[in-house]
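Student: Here's the letter readout for the chains.
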Amino acid sequence: MQKVIKTIIAAGAAAMMLTACSSGATPSATSAAPSASTSASSEAPKIKVGMAYDVGGRGDQSFNDSAAAGLDKAAKEFGVDIKESAATNGEAASAREERLNQLIDAGYTNIVAVGFAYAESVKKVAAANPDVKFAIVDDSSITADNVMNLTFAANQGSFLVGAAAALTSKTKHVGFVGGVETDLIKSFEAGFDAGVKAVDPSIKIDSKYLTQPPDFSGFGDVAKGKAAAEGMYQSGADVVYHAAGGSGGGVFTAAKAAGKWAIGVDSDQALTAPEDVRSVILTSMIKRVDVGVYTFIKSVHDGSFKGGTTLFDLKADGVGYSTTGGHVDAIKDKLEAFKADIISGKITVPEK
Amino acid sequence: MKVDFRRLGLGVAAPVLAIVVALVLTTLILLVAGDPVLAVWQVLFKVPLPRQIVAIVNEATVLYLSAVAVAIGFKMNLFNIGVDGQYRIASFAAAVFAGAHFLPGWLNIIVAILVSMLTGAVWALIAGVLKVTRGVSEVISTIMLNYIATYLVAFMLRGAAVKVEGSNATSTQILAEDSRVPGISISWLANTSNKVYGLVLLAILIGFLYWFVLAKTRFGFDLRATGQSESAAVASGVNVKRMIVTSMVLSGAAAGLIGMPLLFGQDYAYGDTVQAGLGFAGMSVALLGRNHPIGMAVSALLWGYLNQLSNGLQIGAGVSDRLVLIIQGIIVLSVVVAYEVVRRARQRLEQGRVARELAMQAAPATKEVAA
Chain U
1 MQKVIKTIIA AGAAAMMLTA CSSGATPSAT SAAPSASTSA SSEAPKIKVG MAYDVGGRGD
61 QSFNDSAAAG LDKAAKEFGV DIKESAATNG EAASAREERL NQLIDAGYTN IVAVGFAYAE
121 SVKKVAAANP DVKFAIVDDS SITADNVMNL TFAANQGSFL VGAAAALTSK TKHVGFVGGV
181 ETDLIKSFEA GFDAGVKAVD PSIKIDSKYL TQPPDFSGFG DVAKGKAAAE GMYQSGADVV
241 YHAAGGSGGG VFTAAKAAGK WAIGVDSDQA LTAPEDVRSV ILTSMIKRVD VGVYTFIKSV
301 HDGSFKGGTT LFDLKADGVG YSTTGGHVDA IKDKLEAFKA DIISGKITVP EK
Chain E
1 MKVDFRRLGL GVAAPVLAIV VALVLTTLIL LVAGDPVLAV WQVLFKVPLP RQIVAIVNEA
61 TVLYLSAVAV AIGFKMNLFN IGVDGQYRIA SFAAAVFAGA HFLPGWLNII VAILVSMLTG
121 AVWALIAGVL KVTRGVSEVI STIMLNYIAT YLVAFMLRGA AVKVEGSNAT STQILAEDSR
181 VPGISISWLA NTSNKVYGLV LLAILIGFLY WFVLAKTRFG FDLRATGQSE SAAVASGVNV
241 KRMIVTSMVL SGAAAGLIGM PLLFGQDYAY GDTVQAGLGF AGMSVALLGR NHPIGMAVSA
301 LLWGYLNQLS NGLQIGAGVS DRLVLIIQGI IVLSVVVAYE VVRRARQRLE QGRVARELAM
361 QAAPATKEVA A
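These protein sequences, in sequence, are chains U and E.
Those letters in the first sequence? Residues 1 to 352, per the numbering used here, in order.
Those letters in the second sequence? Residues 1 to 371, per the numbering used here, in order.
Treat the hints with caution; some may be incorrect.
Below, computed lysine to aspartate or glutamate pairings styled on EDC-like, alpha-carbon distance capped at 20 angstroms [as the list claims (entries may be wrong)]:
(1) U:Lys352 with E:Glu165
(2) U:Lys123 with E:Glu177
(3) E:Lys163 with U:Glu351
(4) U:Lys124 with U:Asp105
(5) U:Lys186 with U:Asp313
(6) E:Lys46 with U:Asp105
(7) U:Lys123 with E:Glu165
(8) U:Lys124 with E:Glu177
(9) U:Lys197 with U:Asp238
(10) U:Lys124 with E:Glu165
(11) U:Lys46 with U:Asp72
(12) E:Lys163 with U:Asp183
(13) U:Lys256 with U:Glu230
Because the hints were derived from the structure by calculation, they are not lab data.
Excised from the complex, chain E in its bound form:
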């Protein structure tokens, strides 16, 4: 039990260390920039208003789905940079399909979500196939596919766009009332009429599936094994090429879900004001949460909280919203450093423990003398 506590402590130590380092560095930056440190901290540690809590949870829902999509690749040592393009092209496909209202109500929603997953999976499959057949690095190919997705969607949006009188925004057909996922009211908990995305439940389900598949299935074992040592995986009979393609497809399918809470819970269409850059934010969230289903949920909430602060910092503290981007960047950097520091500390502890036990076994007499 004692060892478990220590492991738990070390596990928590890294993110906490990272956040503390980030806070200290941010304070230094504030001092250098001549910004009001106290006012900034007041904003940073202000308890969010009920409507802000809703916004944080909603943002975290989307970020979490993105993090899971990225983490599936990370676990395989695949850097799916293409989550960003995958979710945008997938959301567009879903928005066009759902906007056409071929199917009634819930059926429309469910099929549109499947369309989105399929589109994301196909887009990711391209990179997977290129990697296993031509040895193209998935980092390069997915970055390129992001650009292609951007231009392809912009081109197709021109054809699919529905003009709203007086508006300069371009978007697909707005979904009918019955094709929207109702939000979850939290008015019993806090005083706000804003609602949490109904699809927050989807994010929770995906988190559970992610944990279950990775931890409890043969496939998950193969995936983790391949990620940790490809040669060992090959030796134990894993078809690495198939694993690469499969995990890219799964990652892409998960990426297809990212835009769904936005489509069915907020925007009801895909347009030029859709939230961009979620794929990249997901990478930071996955990194901060160490690809762990619960860890990523916590880091998604933290990320959502920080994003939420950009307004408060400008309006409440009078500093640039870019400060939030700086804090986020510092946190990610600190995390990478902190994990390494904690890993080494753990290694030293382990080595020390093993050495002590060995010494005790080998020469109890010498130990007594030394003591």
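Chain U on its own, in the form it takes in the complex:
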């Protein structure tokens, strides 16, 4: 038995060396990512972008997908060579660091780290690789020439959907479902609460977080999202806003069953959620992670890349609310008025 294993290992190692010698780059078997040879044959060398997603990865219909949308847009416009990789729940901090290092080793020297959990890893790896350009979403704690910090005023966008919820609610009772109780998600809640209270201070707000850190399953647990929203609808809420990533699907299902409203998050979920629940999505708080990612790749493309923090707020159209479905058409004037007040500084939206 042991001999067999040894032989396999030896054969594998030998095969690895052979391929390593022949191509000089990591052999890629993916259909999504064109190999180095194809990019060399085209006129200009393609920008090589390595994506390090948060837990859930591409396909979460929310946060990660929003980042992926920006990447796809850039790929369409400039022709980008893409390599993607996602975090696993409960991985070691060293695994995040290793992910960035492997992307660099594979030649992907423009790296997008999706999510604040990458902050420490980006800090270290960026210092060790000054030639590699980084973008990190939702963190501005790193200051380095080769790191672009993409932050979003999610509280401002949440204020607007909070106002939309308050203006729509007939029972004077709304709800908030947070994925994981982190400071980031608490700023969504703070903005939402402020928006509701700005319309009518007497409205009751239910609030529930699905999990507590370090358990981040609250961003991907449809059953928990459904249970939390069901409770709120049964106790009288008629609009529930979720900032719970993939768990939001459960909130929509509950809204559909109760015949009440739900509010989506990050992406325009009336376009991304499963079709049968789209009709219950009043609006979505749009956090333009896609714009952030696109901006980063574009800056690399035209050579204008600069390290530092870029805040995507209402003013920069980095956050906002969606109008798909036409459910907020009747109250749009009021929402736009709030929006103008926030941009002008007349209203300051709290962060926590």
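Got chain U sorted already, so can you dock chain E onto it with the hints?
Tutor: Relative to the frame of chain U, chain E by itself:
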């Protein structure tokens, strides 16, 4: 000597059989899923880079401590599912204590580690006391205590958290330079600036203590005896209730050590990005290593190696990182099956040998005829 070789062979046969079965099953899954089999195997059998070796050893250090904590219970036939909650609440307590910097340098580290062990022990004690006084299954109570630990720590972290400007992560006070355990450089061995956790030495010491206490002390004998047959242990005068409480406390104290290499060697604080689920991973590692001090070390390294692969599989082979979870799951299942197969094979061999010897003694004449 010949018999010893056979026993050794059978001992090694089970894990090897398990790994081979896992590899075959994984290949089948890859084929069914239409993933590139060759590229996956290239990634799986690629010699790790120096910095990856460091990461594997570091991950194994933490997993090993977790496995020992679980194994102490396993030896007693106690299923301490609560190692996961115990290590998190203990790490939090240690991080808060060490972060307050009441004591200077090394003293701070040592006392914080003791605080962690004590916290883990107390958390496990609850389940132990519930079991001996009320007959509550430790499986149920420790699962519940895991949930309580999660929410309790999250609640207390809110109070203890120190805000870092621009960061969305929440964590306790970052430890001062002198309250960190320096890493061990392996630059003389391989080209990397990454360092192995200094507390790898603690893991080795714990492994030794685990072996010594179980194999060489009266307490260890009582513990193993109780685990194998409670009634026999009672008959020979063992106080089973006290054994249950003691081994839960020891298991919890060992669980308190799990987070220490992370706290003093990597994160320097306890926050919401701390590594979760180590208690459960420890169960797999203990199972794979058969609760043996060396066996668990080997399986911890294997586990660390597999965890390490998740990035390479995505980036190098373009398949889902979940493949690693599938391989790990299959290995654990295969191990359980393989051990049973090998146990039966051994039993048959023994029976055959005994039967042959008996036959030889009873009727040498008949044997000659038969031959």
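Student: Checking against the hints above, which ones are violated?
Tutor: Result: no hint breaks.
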